[in-house]
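Protein sequences appear in the order of chains B and W. Reminder that position 373 of the first sequence reads as 373 in the numbering used here, one-by-one numbering, no gaps. Reminder that position 357 of the second sequence reads as 357 in the numbering used here, one-by-one numbering, no gaps.
One or more of the hints may lead you astray.
[As the list claims (entries may be wrong)] No farther apart than 30 angstroms at their CA atoms in a straight line, the calculated lysine-lysine pairs in the DSS-like style are these: (1) B/K301 with W/K368; (2) W/K263 with B/K404; (3) B/K214 with B/K334; (4) B/K57 with B/K119; (5) B/K119 with B/K176; (6) W/K304 with B/K301; (7) W/K114 with W/K224; (8) W/K224 with W/K263; (9) B/K119 with B/K214; (10) B/K91 with B/K124; (11) W/K368 with B/K280; (12) W/K147 with W/K191.
In case anyone wonders, no lab produced these hints; they're calculated from the structure.
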Amino acid sequence: MTDQQGIESGELSDFRKGVVDWIKHNTPADPGFLLPQTFMEVGSEQVLSFLREWQHKVWSSGYLGMAWPKEYGGGGMPRILQQIADEEMKKARVPICFNVIGLGWAGPLIIDTGTDFEKETYLKGILSGEDIWCQGFSEPNHGSDLGSIQTRAERDDNEYIINGSKIWTTMGNYAKYMILLARTDSHAERRYNGLSFFLAPMGAKGITTSPIQKLTGDYGFTETFFDNARIPASCLMGEEGHGWRIAMQTLQYERGAEAGAAGGVAILSTVMNDLLRIAKDVQRDGEPLMQDPVTRDNLVKFLIEEQALYLAENRVRIPALCADYPNSVALSTKLRGTEFFRRMRQYALTLQGASSALYVGDDDAVEGGFWQRAYMNNFSTTIGGGTSQIQANIIGEHVLGLPKD
Amino acid sequence: MTRIANLSIEFSDEQAMILASAKDFCRDKSDINAVRALLKSDTGFNSDVWNEMISLGWAGLFLPEQHGGSELNIGATIPLVESMGRHLLSTPFISSTIAAQAIMRGGSEEQQAKWLPAIAEGAIGTMALLDNEDWGATDTSCLLSTKGNNFALQGKKLLVNDAAVADFFLVLTKYQDSIALVIVEATQLAKNAISNRTLVDETKRAANVDFTGVTIESAAILAKGAEILPDVRLIGALLIAAEATGCAAAALDTVVDYLTTRKQFGRLIGSYQSLKHPTVEILIQMDSARTLIYHAATLIGDGKLSEDTEIACRMAKAQAAEALSFAGDRAVQFHGGMGFTYDCDAMLYIRRAQWSQHQYGDPQHHRKLLATLLLD
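Here chain W stands alone, though its shape is the one from the complex (with noise of 0.2 angstroms):
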């Protein structure tokens, strides 16, 4: 039977405020043109904007005051990534927000001594995970082993999300039989070890990494990897999550846009049902993620994740990008020629969906994990 108690959800006069300066915030500095001029561009953010997020303080939102952050937990960011989502805002934030999570749920004091004030100051990291095309991989065959004092790495990670402008990587490995996280420093890298991807959504980036001969101290190895990886993964599910679901009002915005304007047989489209109801479901969708994502922001802590936490976050996960990939799909249908064309925003939208759909899990994973704990 259903272990699905709480329902609560609860919103700080903080977050609020968060929420309301990064709405202005994001759609000051990303509106259509901003997201288009940067899609061909190498890092696929502007460096000013990311220097201006760091310096409102939000990279550190959720890190402890000592160091260099608001004390906040990470449900605070809910409401900037779904900002970010709703402008296609794209910067480093989520990589790093990850990565900073993983530190301070697993990290000793000289690990988070020495890295979550750089965090907080624009320092950017990223989770080095995956061997293949499997979230839900629980083993890896990148392998850590004693090297005299220290220790080598041997193997590949792809799809590593803002590889190329990382500061350091935490790689998920192996040492012995026992999974491990590594923090391995760009400058570690060998030369040609990243090798940039073509994606799919070009306001991403991502590349594959191979770690291959670095050398790492064992200060490096993240003190409790294998504890706290289930937990960062779920972080990792939620974070995307608010984003799909901005991203999924943005497309439903452009949507209403066009159907609101566009006349064909002498009428708004918008007044025929076969488009007006299929949008309606788009905002009951979204409505959903939204609801999901908010009570998961209401129950996470610092702390270990509970149960009810796991569940609410697999849940707002498999719900937003179900949104998204709806809104995507049919903003592009209801856009007719138009959508068919890379000059209609609608790309952006069905694009996104698919990078979305996958990142930390698709539904169909988190619904069989769902099972388990809901089910059984």
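So here's chain B without its partners, still in its complex pose (with noise of 0.2 angstroms):
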């Protein structure tokens, strides 16, 4: 990936007119039903096939995989074209790009550490959108504790014959291929040495998948179960027992910037300018409700916080000002984002007045049911990836120093 060097100013601020000139000219019509937030809200044959449509719409045009390598599909070009992409396309709120394991984890590892085999194989059906990729880390009982992996992975011949079940598999039911984690010893000194990284096709006889009804009725994830589910062994990643570096190095994708990412929007966040939007025509005792002094300190409020949670990010590159806990912000971002998110999506629902009683589906529903569902979909990000309560336990135990339970 190439970086700013020998990009006129002139040259980027070209670019990206034609991006905003793309992006006017090809954001797809209103489909009639509500479009996913996050890649994890895709629960229907109709929103899927809706949205690889528009991934392959924003590849084809040469939007995204910008900067991946030119013979496996992307755009050999520097990392900035993308980044000033993205940002256009995420401040015009077109669909996200649905395909978020490959192209944000599996994609970025396999180019950094795949062969050159599996780049010929997997990276230009990430980017096309043809070839859905999932991720299989996560187990029923063990949450995001990875060192406890009990699926298992055992060596016949030119094969691995999977046995286990794998939880909160995103889009498992359509994926063709899972980054997959699983154990190929369970008598290593250390049981992260005992794990392997897997690249497994979906379609192995003994795979199957169970859609999971989420609180909202939709359906977005799975469980996975492998019941004597052979593959082939050169899906193996890297060597046997490296799998917990590769899994941390995958990590670091998802959690570090978006470095060897794709590209794409990702996620359509909320701010609080959409929450204003739907307080801006409401009435409550007979008066429109942006002038009642509590809705109007409590909207401040969160305001309030909003501001702060997006300072953070520019404050964290002073190290002066974060000298007395240097990993503060770091390790409180998610606590304080989704739950930010979290409080002000119900708040939102507060404001609908006797309409917030009306769900998708219903015409009369506040932005087709947006704020209904964004609120209770927002449980995934204060419980997936370490609840809430677990990051409180992590930032007082490693940034105030606070001992374990």
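Build the complex from these two chains, which are given one at a time in their own frames, with help from the hints.
This is the structure in structure tokens:
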């Protein structure tokens, strides 16, 4: 991946103009159903085919995978161009590029550490949206404690035999491949050393998925079962026993900026402006709600919190202002951000008055029931990836030095 | 729709150096014993420490070079004031800085030439703004009227910070129908004009001051008093926010110390999530305040404050006051029986919280004004 070197700022602004223009002419019309805000909300064939078509369009127009190698379907261009395209797409609130595990996790991993064969086999399908990827790390009863993984992979000649189950597999029922973490050595001295990393074909015999219905009523995740599933030994990534290290590297892609990611909009976030939009036209006690002093005070509290959240990123860049608790902002971003959105979306329902009772599917629901669904979906972020309560423990122990339970 | 667009935070090498030396200075000069030793003193501060601060050039940090200053802007004092809050180092610094800002922004050349060098050398100024409990008041009953070629003041001001040690006061008054700020020197006050108050925060000093009968020349009327007063109030709010943020961090330190040493039921009490999680909440609230004060410090300049800067100052004050109130309150509670005693340092923070809450407007006041800026 190249850097900004050699690009004139004039070229960049011309490029940006091109993106804006492209967005104007290519953003799809309202499909008549609520589009997902995240890739964890792809629960029907209808939504899937819409998103697939959109991602394919973004890619074939040259605005996805711009910095990925050209020979594997990428654009071979400097990263900065992808950043500009992403910025503009985000701003225009175009639909998400849904193949997130491929674009943001598996893809960068394969580019950085994969063999030529792996690059040849997997990268293009990730970009085009043809090959959907899912992630098989979490297991039932283990939450995000990867060290406790029980799913076994046993070598048998040219194959591995997989047994066990995974949970919270996003798009598990649609995926062609899974990045799979499984135990190849149950006698390893350290439990992390017995893990291996696979690029597993979901079509293999013995792999079944069972969709999980979320509290929103939608689908999006599956539980995935491996019953003597045989996958080619060539699916092993790196060496046997290196799975933990590769998984950690993969998680870095998720957490650390968007360094190797193919680009595209991964999440449609809600901001306070969206909340204020619904507050504008609402009546309460015979008067416009926006005149109510309590409501105003509440809205400003949210605005202050939002501002502090966004500004924190910029403070972190200044070491002198983080000297007391160096990891404080980094380790609390997830807790603060996800909890902010939970409360903010919950408040959006309060603002709607009697209409807050309406849900997705009702013609009169405010913004199609977006907020009702967004509020409940938000729990995927306050629970997934370590619950808010676990996050608070982590911050207490690692930032403040408080004793463990 | 909201107008928040500016998300910048910058911090110069100079500011980093100020922060580093302020941290050392405040820690060395104001350990908890030094703080407690001053609680019952007359002035509330150690004049040797104050003189050292002056000789370090802190009072003139933001003043023009021609008036003995270092020509940074008011944003450069934020790390100083934050450090003072962190160590409960009370001096007339904040009072004097706000008064200096008023003269710098609203004074004529003569007024600046007379007062700014004096401030840089340690003269103490303070604002006399309040007629009553209302920091949001825009009017005053302290009146200015002509008296021959001069002007006479009539009225009292409440809770004037550091009044007993002030060399001069900037008094909010009304001449005919217009608001004015006038400079009154301590020597002009009638005997017994200053009546010290008993404050909940024993590290602070304030008094009611009766200006009735004081005669001033027209040269003592601040040239652009009415014009710059809103900005001066915002600067006051920001400085209090910085001090409160530092103090919230100190309260957090005190809580963390106790939670990592005190055992109950055979366990360090910090291992209990019912104490651990709210302590993390103190950190998060304090961190947000810190982010907001340095954002405001980045935006603020010597000229008229922009709307972005106003938003930033008000957000900073609202957040910092809330953060410190929460931190002080929990600091007392988490110390258990010990927290109920005067010996426990949590007492210092909960009292400071009550003082900071209303200085230059409480959180609700600022949110109310933010609502107008952001929602309408």
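Evaluated hints:
no.	hint	result
1	B/K301 with W/K368	holds, 10 angstroms
2	W/K263 with B/K404	holds, 13 angstroms
3	B/K214 with B/K334	holds, 22 angstroms
4	B/K57 with B/K119	holds, 22 angstroms
5	B/K119 with B/K176	holds, 16 angstroms
6	W/K304 with B/K301	holds, 26 angstroms
7	W/K114 with W/K224	holds, 16 angstroms
8	W/K224 with W/K263	violated, 59 angstroms
9	B/K119 with B/K214	violated, 35 angstroms
10	B/K91 with B/K124	holds, 27 angstroms
11	W/K368 with B/K280	holds, 17 angstroms
12	W/K147 with W/K191	holds, 21 angstroms
Of the numbered hints listed earlier, those contradicted by the structure are 8, 9.
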